[in-house]
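Engineer: In this note's numbering, each residue carries its 1-based index in the sequence shown increased by 702.
Calculated from the structure, these hints are not laboratory results.
Only true hints are included.
Below, in silico cross-link-like pairs of lysine-lysine (DSS-like), each with a Cα-Cα straight-line distance of 27 Å or less:
(1) Lys1051 to Lys1031
(2) Lys788 to Lys816
(3) Lys780 to Lys1051
(4) Lys808 to Lys788
(5) Lys804 to Lys815
(6) Lys815 to Lys788
(7) Lys816 to Lys804
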Amino acid sequence: MSSQLSPAFALPPTANPRRTLNIAGKAGSALLLLLLGAGVFRYAVNQSAAESLALHTADSLQRSVIAVHPRPGEALRKLVLPASLKGYTETQVFARTNGYLKAWHKNIGDTVKKGDLLAEIDVPELEHELAQGRAAQAQVKARLELTRSTWERWRQLSETDGAPKQEVDEKRAAFLQAEADLAAATANVRRLENIENYRRVIAPFDGVITRRAVDVGSLIGAGTQELFALTQTDPLRLSVWVPQAYADDIEAGQTASVRPLGTQGQAISARIDHVAGALDPVTRSRQAEISLPNHDSQLLPGAYVEIAIDIAQKASPLLVPANALVMDKDGTHAVIVDGQGRIDLRQVKIGRDFGREVEILEGIAANDVLVASPSDLLTQGETVSVVEAEGKASEKLASRS
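With the sequences and hints as input, model every part of the structure.
Structural biologist: In structure tokens, the structure reads:
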């Protein structure tokens, strides 16, 4: 059997076998370099994708907050307080004697002058007592004249030793006693005459009758029953109680405006006349008195009014939205985003509450960035991204590590 291969399986004849090997080696090297480049490219693509995923994940984990900015408040604070108008002088008129009301001469709404007759009281018993007192005074006066003449005669006799000294002294003592009795009788008559004058009820000052509480024939008791109420209506006086927080800002001579409730007219300018030197221990407020001109009598005593007092602020307050504040057991806080985009829980002191806005007296600055409607999950020092409340584009304040 022949060992030679069949022509069909025979290798093609080559003129240079070494050249063939070189070509095969170069092709293998090129293929290896191609595979190595493909691996490096794949690694670079995977690394970039991993970094992008990490950045996206970090952005997803970082919270976004809506920023609001405080705005300046009023430099002058208008303190509005309620009060009631009163007459500059008010009094209740009582009787000084017992009896029955004989007549009244002034009624409610009448304007009276000091000394005007308001009413008369009938006291029949007093007239009899006064007559009896005057009669007793006359008796004592007659006895005094007798004792005076008697003592004069006995004194002249004593000068010539014509009368015992004991009897002279007795006559002198009787004269002195008669003088004392006359003084007592005279004082009693004057007392009854004063009581007689009390039958006439007169006005103690100029004013308007605001109340009449008796009728003709009423039984009057001395000092127990009100007859009239009298009020001086020009000027009027009112008292206002200033809370302790503003007590140091009120002083005499300060200007205030008074507006009667329910009127469409202009507020009336007034001045604070007197300020109490201490706080009321029950209400923790300070009393201030204001006088108000009322020449045309348009204002009525007893009317409800509102008093507005301008108070200068020691430091200009800031106004922030009410939803930018957090209230907890530790007090009131504002959530601030600092320049590095980190959360700062800052305690603040609030002033007036205007509903949608709240006045901040201490704790924040005008250039601070506050968080609107802060989440309970925000913590001190947390890094956040800020979105302006007005709809501006998102601005990254946080720095990535």
